[in-house]
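A.B. asks: Listed here are the chains, written in short residue letters.
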Amino acid sequence: MSLVDASLAAGYTLGDFLLVAAAGFAVLAVGMLYRAVVGPTMQDRVLAVNVLGTNTVVILAILGAALGEPTFLDIALVYALLNFLMAIAISKFTVERGGVL
Amino acid sequence: MTGALAPVGPLGAPVVAQVTAIEASLFVFVVLTALFTALARDVLAAVIIFGAYSLGMAALYTFYRAPDVAMTEAAISAGVTTVLLLLTLAKTTRADHEAAFESVNLPAAGAAGLLFGGLLLTMGDIPAVGSEDAPIWSNPDVSQWYIAQTYAETGVENAVMAVLAAFRGFDTFGEAVVVFAAGIAALIVLHREVFA
Amino acid sequence: MNGSAPDSGADPDDGADPDDGADPDDGADPDSSGGFGRDRPARSDGRLDSDRRQGTPYTESQVIMPTVKIVAPFAFTYGLFVTFHGGGSPGGGFQGGAIVAAVVFMIAFAFGIEATREWLANTVVVALAVGGTLVFAGIGLVPVALGGAFLQYELLPIPDPVKYGMEGVEILGIGTIVAGVLMGLFFVLANGFSDAGGFADADAFDDEVGDGPETDEARDDGSIDGTDPDDGTAPTDGDAPGPAATDGGRAADDAATDGGRAGDDAATDGGRAADDAATDGGER
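Protein chains in written order, with full-length UniProt numbering: chain A, 1 to 101; chain B, 1 to 196; chain C, 1 to 284.
Note that these hints are calculated values from the structure, not bench results. Virtual Cβ for every residue (Gly too), placed ideally from N, Cα, C.
Covered stretches of chain C, going by a simulated chain A footprint (3 or more residues, C-beta under 8 Å): (1) 69-79; (2) 88-97; (3) 101-110.
Bound conformation, chain A alone (with noise of 0.2 Å):
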């Protein structure tokens, strides 16, 4: 009996609503997706992805919560920590379109 299976009010745990928030963050990544696939610019793609990175990073980490699954953390670091990468991969790029890798 850990944590997310405590009862919150009306029967449903801490982990029914946990998964909720994350259901709540995947649809905001839905809505983000907007920004990646028509932004005029490339910064701004660049910037959509980025939160989606971060969205998905905060996903990863209440679905660990919520399903009693600590080790989903390790991928959470692991966007946690590339995501930076993708972004000014990016970034880069869009100098010169590469001529400054």
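Fit chains B and C to the known structure of chain A by using the hints.
C.D. replies: Coordinates of chains B and C only, in the frame set by chain A:
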């Protein structure tokens, strides 16, 4: 790592085909990113959206309790694929792109749609995720044996790694050599003799 | 493989075609990237972020470089953790090797690909890839030599042979192969296609020769062989940051190396020696 998914929705209510809200939003996200990756006219935009696609896939893999696959997706897509694609793009010229999206070839889209519809028809026979009928549960001689015997046989807790390195070690050796050969092939194709 | 794409990564000695259409977007000043990532001794010492290794203003982003300095050690450690802890948590050699390679990508994007290429010698990359394959094959073949089957871990002459045999395969085999090959793919893709027919005359110098911008210089100067005009343009690196002594050293550096290259392989040694001397002069 082996638990079955709850057959009910996040709020305790059974949902259609046992798709929970988080699965539904991740599915929508993944399908949309895949679609826009295919349709984006600018290759750089496609690469960026493909990065977003991998984020959704990793979350989906994680939700389905496949953390090893999710970590591979995370490390390869966030760390490697985007970078290698960008390096390749840096060597190309940008095509004129007035339109934001590719024009869709209708016959091709129709053929793809037909194939998709045909595959969709088979969905009814596939056991639901986490159901008792799924082969991973109904076949105790294979999947269950690995899950039960991995630690006793090999001394490691991660069954995926045990399958990769021990039970299917010869396959993995072949894969490792393929990765090595891919590096050499890149050298040959690019007419280089040294990597760095 | 269309006509224009490979040229952007071409070597100066093959950058012959002055009208190559590479990179229409980077028509911006070739001078700012003139001293970038070339003509340095292969064993160039000093910190990777030192001024001598950093060429263009663009590579010296005040945001990216400090952030990478902070993030890279953690990411590298985490890659090692994923590799070494694959038996008890998600991960393993493949994922960990990819993360370790991604750390090198990160460093390369922050400090310049050419500087990182020289910092991380080809020997390291090749040793990782080849060594990993040999270790994997070796661990597999030892039981064969002892009368068993391929990869029959029980026969390995070590304590707890199955567990540590698997760990050895994952860490020393798969992890190093993946890390080495991904780093190699990164550098070789960054170099681009060599249509010099690199097999005949490829040597260590082949890779120290830079990327697209150099070809642009050759085009701007209407050069045929793309070597000599570099001497003319390199000293105009007035906007490259750093003390004048370093710039002077770099210019002499350019001259020395180009001299060595313009001659043939025979002159290469001389060029490299002068190169070293010039660099040392620049250091002081």
